[in-house]
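Colleague: Can you make the complete structure from the sequences, with help from the hints?
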Amino acid sequence: MACSKKIKAVAWILLGVIIFVSIAVGIAREAFGPLVSPEEDMNNVIQALQEHPEIANQSIPYPMDDDPN
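Okay, so the sequence shown: first residue is 155 according to the numbering used here, each after it adds one.
Please keep in mind that the hints were generated in silico from the structure rather than gathered at the bench.
As the structure is a computational prediction, the values presented were derived from the model and not from experiment.
Take every hint as true, because none was put in to throw you off.
Ranges between beta-carbon positions, derived for each pair: (1) Ile172 - Glu208: 49 to 57 Å; (2) Val171 - Asp195: 28 to 36 Å; (3) Glu193 - Lys159: 44 to 52 Å; (4) Val175 - Ala202: 34 to 42 Å; (5) Cys157 - Asp195: 44 to 52 Å; (6) Ser213 - Val164: 53 to 61 Å; (7) Ala182 - Leu203: 31 to 39 Å.
Even for Gly, the Cβ is constructed at its ideal location relative to N, Cα and C.
Modeller: Given below as C-alpha cells:
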C-alpha cells in the first residue's frame, strides 16, 4: 500500500514538472518571439545566393585549416 502512495506521489510530481516546463516554454516563446522556420531560413539562403552569386564560389574557412599539423 505504501508503494502505491509513493508511485502516486512521484506521478503527481512529474505531472507538475511537465506542466511547469510547458508554461515556462510558452512564456519564453512569447517573450523572445517565434523562431525562424527551417523553410524560411532556406528561402533566405536561396535569395542571398540569387542576389549575390559570387558568394557561392567562396570557400568557408574552417578553424582546423590554420592548424599546421
